[in-house]
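Asker: Could you put together the complete structure from these sequences and hints?
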Amino acid sequence: MATSSDILYSVRNLTVEYETRHGVVKGVDNVSLDIRRGEILGLVGESGSGKSTLGKAMMRLRNGSARITSGELWFDGQNLMELSERQMRDLRGSRLGMVFQDPMTSLNPVQRIVEHLTETMLTHEPEWTEEEARARAEELVERLGIRRERVKDYPHQMSGGMRQRVMIALALALNCDLVIADEPTTSLDVIVEAKFLDLLKELRDEFNLTILLITHNIGVVAEVADRVAVMYAAKLVEIGDVNQVFEKPLHPYTEGLLKSVPNIELDSGALYKMEGSPPDLSSPPPGCRFHPRCPYMMEEVCPIYDPPFAPPEGASEDTRVACWLHHPHPQKVAIGA
Amino acid sequence: MPESRLEQVATPTHRIEAGPPLVEVRGVKKYFPLQSGFLASLFNRGEQPAVRAVDGVDFEIRRGEVFGLAGESGSGKSTVGRLVLNLLEPTEGKVFFDGMDLSQLSPDEMRRLRSRMQIIFQDPLASLNPRMTIGQAIAHPLEIHEPNLSEGQRRKRVLEMLEAVGMNPPTNYADKYPHQISGGQRQRIVIARALVTRPELIVADEPIAMADVSVRSALLDLMMRLKDEFDLTYLFITHDLATAKYVCDRIAIMYLGRIVEVGPLKSVYGSPAHPYTQALLDAVPVPDPKHRRTQPMPRGEIPSPIDPPSGCRFHPRCPIAQMGLCDVEDPQLMQVPESDNHLAACLLRAGPRAMGQQTPPS
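Here the protein sequences come in this chain order: A and B.
Position one of the first sequence corresponds to residue 718 (this note's numbering), numbered consecutively onward.
Position one of the second sequence corresponds to residue 4 (this note's numbering), numbered consecutively onward.
Keep in mind that the hints are not guaranteed to be accurate.
What the hints assert, rightly or not - Using 27 Å as the maximum straight-line C-alpha spacing, the simulated DSS-like pairs for lysine-lysine come out as follows:
#: 1; chain 1: B; residue 1: K269; chain 2: B; residue 2: K230
#: 2; chain 1: B; residue 1: K293; chain 2: A; residue 2: K965
#: 3; chain 1: A; residue 1: K912; chain 2: A; residue 2: K869
#: 4; chain 1: B; residue 1: K293; chain 2: B; residue 2: K269
#: 5; chain 1: A; residue 1: K912; chain 2: B; residue 2: K293
#: 6; chain 1: B; residue 1: K97; chain 2: B; residue 2: K32
#: 7; chain 1: B; residue 1: K293; chain 2: A; residue 2: K918
#: 8; chain 1: B; residue 1: K159; chain 2: B; residue 2: K269
#: 9; chain 1: A; residue 1: K965; chain 2: A; residue 2: K918
Said to hold, decoys possible - Covered by chain B, according to a simulated footprint, are these stretches of chain A (three or more residues, beta-carbon under 8 Å):
#: 10; segment: 776-785
#: 11; segment: 928-937
None of these hints come from the bench; they were simulated from the model.
Every residue gets a Cβ at the ideal spot worked out from N, C-alpha and C, and that includes glycine.
Answerer: Laid out in structure tokens, this is it:
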């Protein structure tokens, strides 16, 4: 079991709300999550599940009109909700790194890569000289498999995979503790993706980097993550060790999701299809949000009561699931009493 | 957990017909000239620089089969799809549909032929006119290709199509606009519109790439059911090799404007011959944490299609390339030893040299 000192980042009862034409929508609804030092935690979910909103909220970055309305964000013993905007800005980039899906939008198109890297380093580490920063930039970029002379390139002269490596180089240059990577491989071709994932694993081992990997790609999570968290309709439905979750998923949504992922292995089984589609968050279903699509739905429980996100009956603290199949439900309690 | 109650996707039974292929692509090239200024054109009278998007491609699609065309971005797969439909004119080579040379057809003949071939794109929202109702969108191809239908007959065909793609009850959807339905449903509408003229060939260009995992398998299942119901032939263009496994009978792998390997899906996936195919298949993430990759990933990045490498285009990145051979000789598609209809463009793994290795002279 993880002790409190193993935990680098802790999200507690976080709720993020959006203003929309149809009223207030909860993009993240009462989510709690721990990230351990040195781990790669995969956060999976479909589009609109709230995984990106959660990732941005953890940086206290606003995603459109999103607003954190309640909850706490504990990073290395510090409650980020109590920091000023200025303190947050110092933290972002220096201790909390970010890698987004499209690195082109994170890089300045009229600035050479080396200038971008050194400028950012000098902003966060003003005591460094320009030469030191430049040398460190070149060293890291080379370490990530980009030829030293390419640092003089502009972002558009690099391929998508190279640009993604530059973003990681930046996080490393500043000795970030945690990198939040939101769909970092989604715009990459599979061979470039495979190389990038190898690099992430190497960096985790070498620099003891902690990575929150947000993705819709279940295969990517299986390949690199140590633990996996599954999000559905703004809530976490399951979290656990990656081997355990893939072998024996507890939540019916996780089960369906894993079985509907195409697997290139010729001897893998047939593909499953899940009924229906994720709910509209402006009017989510009552009770368990997955109940209208769930093949195990219990009529007298699931559409009425919201399941707790807690360790299943008789299991360790390391696994959590939000499903009445694994918790004493109100009906059982009522009969028992 | 109770035993699984999830519904399984039906495995289609394809009736692939013998006889002449529905589509034949012969020596097709498509070059897109690079914009060059006035001065450059004065001094550079020889060969004009061009992006060689498709650079000599041969294959045929048999009636009733699902033919996959896979590759990374920039490999030329989408350009091939457009060439097959004559939406682009080849720089060189010919495309035959049902025995007809598309380059020889008059504009009027081509227009009539269009009702027999349709395309489905990746983004359904971009494919649908936001100001047209779903019913109007599906009726549109009928107005062009079957102008003699009465209003009532058209409406009937539209409702039938909506039902066929699983939008039930159809009258609930016909008068809605694209923004009022979900992304998965929109792709169903695009499929309905493509099928309303009863085409024989569907070019599906990344048809499910935008859909979420939980709706993807339902869309694939629908496409395979419709294939049987409407006797369709698919050209399935995708970058997603895992998805291709569930639908394709045969598959071609493209690299830098060329097909490097083609054959029955089980043969290509089970024993890939070309080193690029091996790396590509191995790179696909597998949803199993215990799985490990076995192949080395190719060095460097895909070279520019403006000035592709000499000899075999993959040689600068290839782990088995032999200098003096692979950088000189341009490999054609050749028989892979001990295979059936499985071809690869690799000098070392297919054709005479590979065959020679199988039976060394005593």
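Asker: Taking the hints in turn, state whether each one holds.
Answerer: Going through the hints against the structure:
1. B:K269 <-> B:K230: Distance of about 20 Å is within 27 Å: holds.
2. B:K293 <-> A:K965: 14 Å, holds
3. A:K912 <-> A:K869: Given pair A:K912, A:K869 holds - Cα atoms ~23 Å apart, limit 27 Å.
4. B:K293 <-> B:K269: Holds: B:K293 and B:K269 sit about 23 Å apart, inside 27 Å.
5. A:K912 <-> B:K293: 18 Å, holds
6. B:K97 <-> B:K32: The hint holds at about 9 Å.
7. B:K293 <-> A:K918: 15 Å, holds
8. B:K159 <-> B:K269: Status violated; Cα separation ~41 Å.
9. A:K965 <-> A:K918: Holds. A:K965 to A:K918 sits at ~24 Å (cutoff 27 Å).
10. 776-785: violated (count 0)
11. 928-937: Satisfied; 5 residues make the cut.
Of the numbered hints given earlier, the model fails hints 8, 10; all others are met.
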